[in-house]
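K.L.:
Going down the list, the sequences are from chains G and A. Using my numbering, the first residue of the first sequence is number 1, and each one after it goes up by one. Using my numbering, the first residue of the second sequence is number 402, and each one after it goes up by one.
Hints listed in this document are in silico derivations from the structure and should not be mistaken for laboratory results. Treat each hint with caution, since some may be false.
A few chain G residues facing chain A, derived, Cβ under 10 Å [claimed, not checked]: (1) Phe25; (2) Leu30; (3) Pro32; (4) Thr169; (5) Asp300.
Over 10 Å on every C-beta distance to chain A, these chain G residues come out as not near it, computed from the model [to be verified]: (6) Lys15; (7) Lys43; (8) Arg73; (9) Lys76; (10) Glu109; (11) Lys113; (12) Thr229; (13) Lys340; (14) Gln370; (15) Ile373; (16) Asn399.
Every residue gets a Cβ at the ideal spot worked out from N, C-alpha and C, and that includes glycine.
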Amino acid sequence: MTKEELSKSFHPDEKGFYGPFGGAFIPEMLIPNIENLKKNYLKVIHSETFKKEFKSLLQDYAGRPTPLYYASRLSKKYNSHIWLKREDLTHTGSHKINNTIGQILLAREMGKKRIIAETGAGQHGVATATVCALAGLECIVYMGEIDIKRQAPNVARMKMLGAEVRAATSGSRTLKDATNEAIRDWIAHPTETYYLIGSVVGPHPYPDLVARLQSIISEESKQQFREKTGNEFPDYVVACVGGGSNAAGSFYHFLEHPQVKLIGAEAAGMGLSSGKTAASMALGETGIIHGSMTYLMQTDDGQITEPYSISAGLDYPGVGPLHAWLNKSGRAKYLSVTDKEALQAALLLTREEGIIPALESAHALAALNQMEIKPDDNVIITISGRGDKDMQTFMDQLNLV
Amino acid sequence: MNKLTNVFNHNSNLLSIYFTAGFPNADSTLHVLKALEQGGTDFVEVGIPYSDPLADGPVIQNSSSRALANGMSLKMLFDQLKELKNTVNIPVILMGYLNPILKFGIESFIENCRQVGVSGLIIPDLPYEIYLEKYQTLFEQNNISNIFLITPQTGEERIRKLDRASTSFLYMVSSAAVTGVRDGLSESQIQYFERIKNMQLKTPAMVGFGISNHKTYREVCRYAHGAIVGSAFIKHLETHGDDASEIIKFVKNLKNN
Ligand SMILES: Cc1ncc(COP(=O)(O)O)c(C=O)c1O
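Given only the sequences and the hints, what does the whole structure look like? Please build it.
P.N.:
This is the structure we're talking about:
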């Protein structure tokens, strides 16, 4: 493949397909909204005013660029060169803020007055509530009843920021159901409401929109890596995958450079064969979830199964269509990491480097144990968020009381 | 000729009723169908239960989870519907989300529909464009009518397009909402019904979502070919179970007051 063909194949076609994945499988009620978004998103995000404002907010409000930090003690441990892309140091504590700043500017440009969002770990909810406060817009966040319990600090943050948190009480009462509720809300409020989706999932053009907004991660890391090492490319880029937005952003500017190996870490929960897992790449089959054709975990009858992971942000039975395509085409490889492995990796990073990562990000760190890294290899791992929200789980699970 | 098309050619003020297959009990499906026909329902929509029904409100969601817990699946449904032709004469359409259908295999799904005598399909998350590109021929070869939705937000040009592609009726979603029980009709709903009526479409339209009693049924019949009642009937089944005489009473009350 030429470079151009290669690059084209990682962008969706006009109908939103990456190879066989993606598209917009949505009820008629949502067609006008999606058409409107499709018509506007590229125009807006390519405009000079947007670019200027986005850049300035990322810098002065969110605290970008985030450092690319050489983790020397961890490197010694793995006998290689490990670099951490520190999304945990952004305002609100995760990469989710990159996307919400971008989409709130888009929503404002489109004249929307009411913002709705879904959240799992609460990081996207907090990031959405934050930009709504910043923009002075009404904010409603749907969150699974179970997640409201296990991510209590983030619920409090959203409330303090002025958002209304609505519990999703159907199904598994986690991220999948919060997303269903947000979509139902959008159906019922078709004109004034903007659905600010939190990952590279959902109907086209959301996966492409969110990937573009998160691509700042690799835009920075590519340049930082070159400056710090004098080398053109790292050997590996590793990121955790829930819906896949921090991974999409971490991979984006390396996609066309096949010498960079791309690794996604998904949540195996209690183990791939335990029945309590969220490993949609390893176990999923092609189907439709939240308007997108992708891999998802489902029964033989095509019912979406209830996922499980200790990490609320990875507790999703599907995966963004870009990742389904990267997996199928062989461009990226996806590893599954159990709860236990993630907890151990979180403790390791904390004790070796003094950084408490989010449970989600700990999955990316744990993937190192499954990779065959050579002594001179350079590995960039995205630390997608910080662990403050997970302290209760860490205390309980690691017996830190 | 398709049975469904025939109903529209000969009647107005049609009443269609929706219920979820396998609810309240796994073996309720045929029983409910028969009672609905006896009560005077003109055609029936049988819902295929799904874990993630995006366009449905709490009442239908709940019936869906219960049907799934009862073990309902497409395989079981087609097994039950083998007796369809021996049970009722009124047309039956299936309403379901795309994922279970794809998992079943869409060719064999359509083939099964034809064999048991299903007249039409409503697949809310199969957009018109993808239907046209991938499935139209398959549907038409099997004489299965695909039913499109229109909403208050659907633009005129698109309505005309859907009208041309329709072979039985257009499903007019009564307001911007998911399914559910609502009380009366608002001024803006009436304006929307009038707007569609004045477009003089070739395809008859049925109004659904939020129609729950005789009054709203009669009212929408002034603008459309009839009405579809869903959540209100599911609620009835929740309270009264699948008792035939209660179902007949429910339909008669709706139709004739
Ligand atoms: C810190 C953190 N990392 C990762 C994720 C997973 O999302 P994604 O795969 O879209 O990056 C989340 C989601 O809540 C998160 O909070």
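K.L.:
So which of the earlier hints does this model not fit?
P.N.:
6
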